[in-house]
Structures are given as C-alpha cells and as structure tokens.
Amino acid sequence: MPIPVMDFTLIAPEIFILLMACLILVVDAYIGDDYRDVSYVLTQVTFIVAAWLTWGSSTGETEVLFSGTYVRDAMGDVLKMFIYLASFVVFLYSRDYLKTRKLFKGEFQVLGLFAVLGMMVLVSAHSLLTVYLGLELLSLSLYAMVAFNRDSAQSCEAAMKYFVLGALASGLLLYGMSILYGTTGSLDLEVISNQVAALENPLPAMLALMFIIAAIAFKLGAVPFHMWIPDVYHGASTPVTLFLGTAPKLAAFALAMRLLVDGLEPLYEQWRDVLILLAVLSLAIGNIVAIAQTNIKRMLAYSTISHVGFLLLGILAGNAAGYSASMFYAITYVLMALGAFGMILLLSRSGFEAEELEDFKGLNDKSPWFAFMMLILMFSMAGVPPTVGFYSKLLVLRAIIDVDLIWLAAYAVTFAVIGVFYYLRVVRLMYFDKPVDTSAIESRMDMRMALSINSLAILLLGIFPGSLIAICIDAIS
Amino acid sequence: MISELPILSLLVWTPIIGGLLILTAGAKGSDGAYRLALVFSLATLLLSIPLYTDFDVSTHLMQFEEFASWIPVLNINYHLGIDGISMPLILLTSFVTVLVVIASWKMIEYRAAQYMASFLIMEGLMIGVFSALDAILFYVFWEAMLIPMFLIIGIWGGPNRIYATIKFFLYTFLGSVFMLVALVYLYLQTSSGSFEVLDFHLLSLSYTEQMFIFVAFLVAFAVKIPMWPVHTWLPDAHVEAPTGGSVILAAIMLKIGAYGFLRFSLPITPDASHALDWLIISLSLIAVVYISFVAIAQEDMKKLIAYSSIAHMGFVTLGIFIPFTIYEKSGVMSGAILGVEGAIVQMVSHGFISAALFLCVGVMYERVHSRKIRDYGGVVNTMPVFASFMVLFALANAGLPGTSGFVGEFMVILSSFKANFWFAFFAGTTLILGAAYSLWMVKRVIFGAVANDNVASLKDLQVREVIVLGSLAVMVLLVGLWPAPLVEVMHASVEQLLEHISNPKF
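From first to last, the protein sequence lines are chains V and Y.
All residue numbers for the first sequence refer to our numbering, where the first residue is 106 and numbers rise by one.
All residue numbers for the second sequence refer to our numbering, where the first residue is 98 and numbers rise by one.
There could be a bad hint or two in this list.
Restricting the straight-line Cα-Cα distance to at most 25 Å, the calculated cross-link-like pairs of lysine to any residue (SDA-like) are [unchecked claim]:
id, chain 1, residue 1, chain 2, residue 2
1, V, Lys471, Y, Leu120
2, V, Lys471, V, Asp542
3, Y, Lys203, V, Thr399
4, V, Lys471, V, Thr399
5, Y, Lys264, V, Ala389
6, Y, Lys540, Y, His588
7, Y, Lys469, Y, Trp330
8, Y, Lys264, V, Glu463
9, Y, Lys203, V, Ser472
10, V, Lys539, Y, Ala122
11, Y, Lys515, Y, His588
12, Y, Lys264, V, Asp464
13, Y, Lys515, Y, Ile383
14, V, Lys471, Y, Lys540
15, Y, Lys264, V, Ile393
16, V, Lys539, V, Phe457
17, Y, Lys264, V, Thr399
Since the hints were derived computationally from the structure, they do not count as laboratory data.
Using the sequences and the hints, build the whole thing.
Shown next, in the form of structure tokens:
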C-alpha cells in the first residue's frame, strides 16, 4: 500500500526536529568553543519552528498515518506543544549553569533534541512498535544526558543505575508486548483493542497488561518502581534533572494513555485496580519520604512520586473527565517543576550548587522577589489556591468522586496535607530563617525574566485556569 | 448610584491591590508602606459603609449580587452576594483591619512593607470568604487566606513561631481538604453540575449522604472556630503571633468557621445537623466550662485571652445548634431564632472584645516585652487611661450588662433555657468563670502596688493607641446598649434559615 504524501506533511515537525538535530551535530563539530551559542540559538529556534509547524499542520481531527503506526490527534498536539515549551525553557535555564561549569557543549542540545524526537514519536504512537521506538529513543538520550558531566562520579553512578533499571523496564515492556502480539496478532493499538474486547480467555492479555503496567509505572516513577527517581534526580547535574523531571513526564503520560486507554481499554476493570494500588502507594511513600530529605533535588524527586500518584488517579477514573484531569495535572506539574528546578539553577553559581534545603535559608532577605516566586511554586505544588496546583487536584478529585471512589479521594487529600508539610518547610527556610551566605544572585537577566514569567504563570493560571482546562478537555474528547 | 457599583468586588480587590502596591512601592522606605496601608484600609472601610446603609432588611435574599462566568468548563462562577448573616462580618473585617494598621504604625522593625501588605491582602481574602456564593470561589478565598497568616506568624512572631505557624497551617489545611471533597461531591449531585452554594441548599440528600457531608464540613469548621478538642493550635498561634496577627485571628478568622456552619452545614445538611446537634452542643458546653477553667490557670495574658476566645466561640456554636432542640419541644422555630441571632451577635461582639484585649496586651508588650502576668502589677498607677480601657474590655469579656459581651451571651442562654435547663445551666457558668479569669487577670496586672521598675517607668497611651482602643470601646458600648440595628439586619436571613432547616430534605 503506497503511503500518501499527506502523511509526510503531518509529521513535518518530527522530520524537522530530526533534520535540525543532525544539522546541529554537524555544525557544532566545526565551531570552536567560543561559538557554542550558535548551537544553542539553533536549538531554541528549532523548538519555535517545530511549534509553528505543529500548530500549522494541526487539524484537530484524529488521523492515523503510515498504515496504522502513527497518529496525529488533538491530545498529541497539545502535549507536543508543551514538550517544546518545556524543552525550550530547560535549555534557557541551563545555559548559564553549563557555561560556568565548562559543560556548555553541543552534545547537550543534540541529545536533548533526540530525546524530544523520542517523546514526539511516543506521544503519537499508534502501534506497539512505534511506542517502543519512541521510548527507546527518549531513554537512550536521557541515559547519556545523565552521564553528561562525565567527571562526576555521582552522575556516572546515576546514569548507570538509570540505564540498568531502564533497560529492565524496557525488557518488561517488550515481553508484555510480545504476549499481546501473540494473543491478538497485531501491533496496531486499535486492532489490539478490538481483539482484546473479543477475547474469550483474557488471561494472556491480562498477563501482558501486568508487564506493560510495570513498564509504565517505571517510566512515570510510581511506587514500587520509583527507586531510580531520587538517585537519578540527585546524581544528575541540575540542568539534566530539570530536563528529566519535566518534558518526559508528558511523554510518560502519553505512554500510559496510548497503551492503557487506546490499546487496552477493554481491560479497564483490571488495570484500574492495579493503578489504584500504584496510586495509593505512590501518594504515601512519595509524601512521607519527602519529609525526611535534606537535599532539595531529592525532596522534589519524592514529591514527583506523590504527584504521579495523583496523576494516576485521573487515569484510573477511566473516563474523558479523568483523562483530561490527568493531562491537566501533567501539564501543570511540568510548569511547576520547571520553576522549582529553575530556582535551584538560579541560586547556583560557580562552585556552589544550591541543592541543599539549607541553601534556601533567608532568601527573602537576599531577594524578596525570587523568594515570592518560590513561594508561589511551593504553594502550587502543595495544591493551595490561588495557584494552578489547586485546580489540577480539584479536577482529579472531581473525576474520581464521579466514579464513586470517594474513599480514594479522601485518602489522596489526606496525603496531600502531609505533603504540604515539606513544601511549607521550604517557605519557612526562605522567610523565617536568616541567610547563611549573603552573596547576591548572579544569574543573567534572561534567566531571571523567564523564571519570573514561569512562576507568575503559575499564579495567573491559578486565577484564570479556565482556558487551559478547556484545552485539555477538548484534547481528550 | 452607589448600588450601581460592584461594591463587593471593590471590597475584595481594593485591599488586595493595595497590598500588592505596598509590596512593590513600599520596599524603599517603610513610611510609605504605612501610609499606603492606611489609605487602602480606610478606603475599604468607607466602601463597606454602603453595605449597611443600602441594605434591605426586609428580605432574606442575597443582596449586592455580582455574577460573572469564571471557569465555564466546570461551571464555576465569580458569584458574590451578601445577606444579613455575612454583612455584619464584612463590616467587622474592614473595621478591625483599619485598627490593626493604625496599631502597627511604625512598630514593625523588619520588612514593614511585607507586614502591611500581608494584612491588606488577607483583608480582601476574608471579605471574599464572607461574600462568595460559589463554593469553589469560597474555597479559594478560604485557603488563600492561610498564606498571609502563615507568613505573619512565621516572620514577625515570637521565639516559637515556626512551630506555631506550621501547626496552624497544617491543622486548618487538614480540616479544609475534606470540605473540598464534600463540595465536589455536592457539585456532582446537582442536576446541571453547579457549585452555587444556594443550589446546594436545595439539594435533596439521603440521610447517609448528609451524615458524611456534615462530618466533612464539621472537621473544617471545628478546626477553624476552633472547637474543643481540635483547638490546640489556637493558643500556640496566638502566643507566637504579632499583635496584629492575633487580632485578626481572634476577631475575624475564628468567625469564618462559625459562618461556615450557618452558610453550609445547617442549610445543606439540616437532617444530619439535627441528628448530631447533641455532639456539637456537648462540645460547645465543654468549651464553655472546661476551657474557661483552663483560661483561669494561664500565666501568659495572650494565652488566657486565646482560651477565653475558645470558650466564647463555644457560645456561638451552642447558639447555632440549639434550634433543633427548641423546635422539637415547641414545634415552632420562632423561639429558636434568639439562639442563632445571639450567636451572630456574639460573633461580632467577640470580634470587638478579643481584638481590644489583644491590642491591650500588645500595648503592654511593646513597652515591657513580656506577656507574663507576673511581670506586671499596678499598671493603673503609671497608665491610668490605659487601665480604664483594659478594665472596660475585661468587663465586657466577662459579659457585663451594657457591653456587647452581655447581649450575645444573654440571648444564647435565654434560648438554651427553652431547650433544656442543663444547657442553660452549663452555659450560665460562663458568667462566673468568665468574670473569674478576666477580672483576676485585671486584678493582677492593673491593680495593686507597682510591681517592678519596668511598670514604674511605663508611659501612658499615645494618641494613636487611644484612637484604636477608643473606637473599639465605642463599638463595644454601642452594641451593648443598642443592639437593635445589628439584630435587625440579620433577622430576615436568620428567619429564612430556620424555616429552611425545619423541613427534612429527604
């Protein structure tokens, strides 16, 4: 069957990113260290153009391309736009940090671009093969990025751990996929969905489901597949953590949506129960263990785990309201994580990593403005209005109360209160304690501006969340 | 002409915008911050006056209503409006905030701009709580209000402030998240998916549903009021908070819990409120009797007033939940109206008296830097003007006839007689116990011989302090001698509320 030309125009953003990644790789090889900014600017332009291409070629319709392996739909487009945005911001925030540590190399951008390409493939996957392809492209780029600071033993250890566990998760996923392929005889998620619904004996499919859920949980970082998160977040240099903790979360959400909802919705009853278990554990472990952390990167790592618990709640509601709630949750979480990790980068300077909680002491004395920005971010993560974090929790609660899982809603909010404690501790250090070192913040103006816009956006979206919620609802239905 | 203006929006946003302005403009010098704060708080007070003058006392319907679509996909609206229950509390808020601003005038040494801004932003949020008619809007104001208070206690508080403020935040937050679950549940029960509080009032809910929702609300409001046994955050918060923080906390924040009972618990879950009114009444009486004894034993003046606040709030919850028993006995709701109105009068009156007492302690603390009762004695010798104010407020706190403290307590005791003699008996002990802790404190602090050098070198009130305490004294006496205007505005609303809750919902 010949492939229609139309299919290629619809994947123009992917093709563009691939070409640019190759181009930057070549260009970067020929320019000296003084001109590294060229590859940086090219990368940022790539994201802007890719966003324009995605926007321009978006039809709002669901279109299955390349003989059922690829799909363009509203959900994918929205997620891709936010992946570009998050990556753009990541590179913007990272620039100074990498420069002062002599890590400002073209490979960072190239690996980032390949990771973004992997996310895009994953987000648009319509067959098991494309899912796997996207996931591996993303993961392999991330493994290399974690080890990017090759002189740091900590980074290398983290990369090793990430790689070994990630390979294991990929293996689980492949195993689950092979069983699914064996049972249904197809790689196309839509066909699989129909086949599974018609199965007389769903047992093999359920076995496959367990392996697939394990892999999804690993990528999302849900308990009990979370152990890599704190170590990798802690070990990787902060810009990599920033990248790792933001855009790929959107891709992981898409992974869950594509496999569980597009592919295995007939087994909803089964995966709902497993997801309940994962969510219950993630909320508890994430929130409780975060209290014990003294390193802010580790604290945010555990906080991620608890947020994943909330995100799973939306998916397990099993209806459009739940999926859009989860999508909103993922997007807003990414915005908050960008700000929070960005704040660590802002306070860092040559020879000083602001990664300990203590390093935030007395920030209100040093810079009332950025203390206020961090205050917004922390209260948003805690889910206190008037920040956007409140609405993401509200939407998820609405979704699960609607399917009569009220006990789960009560459970989730109880642990949200426990979570508030460690976010408050950051506020407390900034506002109630005196600073230990009084050196001024050294970051450049563009970084300051971007971080302020980032945090104010959290506040503004908290006051007017309507349009973003509407985008998510439209994208799912 | 005045009724054309969106008065409630102005009341909510004027102080918030003022607060943000102070944050940006006041960073250079603190003088500007004080002036701006005074201008904006006075403007808010002036804007709130039309609420009283243009208020239609003959109707229970919501007045000064404003409606705008806010989050259309969830049908969440920016819906403001007030009735006779919320209007007095809004006036109280704008009045007390002005006094707090004046009382803090040039007293704050560290980041005065942030301090003033916190109070103004909090004022706007509290007015928002009282005027919100959309449940999510209410919840947003309710929670957001915690942030400035958290900072006020934590930044400008006493030595143990961090423990106190985190306890305050976590306690209140824990209470309110369950309310959120209940609100979302109610939203899903409405036919068209609406967060309108008034739609919630009309929902028909089964007995079990009502029980769960009532308990969820109870947790939120009981912590906020606070009722025994979830009161323990309050003494800590009060002792550590700066004077202004204590004043706002006692005068207004505690009232928000009681307001929640009137606006949410009673009308949404009347049958559950009826079934569980024994619980609330018992807790209220425990608060009145037991907490009063606890107050007597205090050595720290702020702690003493904090405990006395809990005891007085016991009267409020008693008055709110007494109607069911009266209705069962007599079959008519009219006898019960006295209890609820008494509770609201008590809320307003306690707003004045607790604010005044905390300000009095603040006056002494600024001079001597101690709140311990034993560090004082014979203050009347060096500060006669102050002493007369303090004695007046202490007497009002003890419920002396002629002061506002008497009116509310008397109305509640009177209506509890109609319900049950023992309710009235235990509630009546407050007249003795309240007098005991208030007057005994006054005796030890104000009267007697000059205790030490600190007291001997005290200087009497400045004009600024006389203005603050004087205006509170006027209000205490005004409400005490002529409560009719206050009772009149709430009458129609309370009547309708009682009418509403006398009909079972299922």
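Status of the hints after comparison with the structure:
no.	hint	verdict
1	V:Lys471 with Y:Leu120	holds (15 Å)
2	V:Lys471 with V:Asp542	holds (9 Å)
3	Y:Lys203 with V:Thr399	violated (38 Å)
4	V:Lys471 with V:Thr399	holds (21 Å)
5	Y:Lys264 with V:Ala389	holds (21 Å)
6	Y:Lys540 with Y:His588	violated (39 Å)
7	Y:Lys469 with Y:Trp330	holds (20 Å)
8	Y:Lys264 with V:Glu463	holds (21 Å)
9	Y:Lys203 with V:Ser472	holds (23 Å)
10	V:Lys539 with Y:Ala122	holds (24 Å)
11	Y:Lys515 with Y:His588	holds (19 Å)
12	Y:Lys264 with V:Asp464	holds (24 Å)
13	Y:Lys515 with Y:Ile383	holds (20 Å)
14	V:Lys471 with Y:Lys540	violated (47 Å)
15	Y:Lys264 with V:Ile393	holds (17 Å)
16	V:Lys539 with V:Phe457	holds (19 Å)
17	Y:Lys264 with V:Thr399	holds (21 Å)
In the structure shown, a violation is registered for the earlier hints numbered 3, 6, 14, in ascending order.
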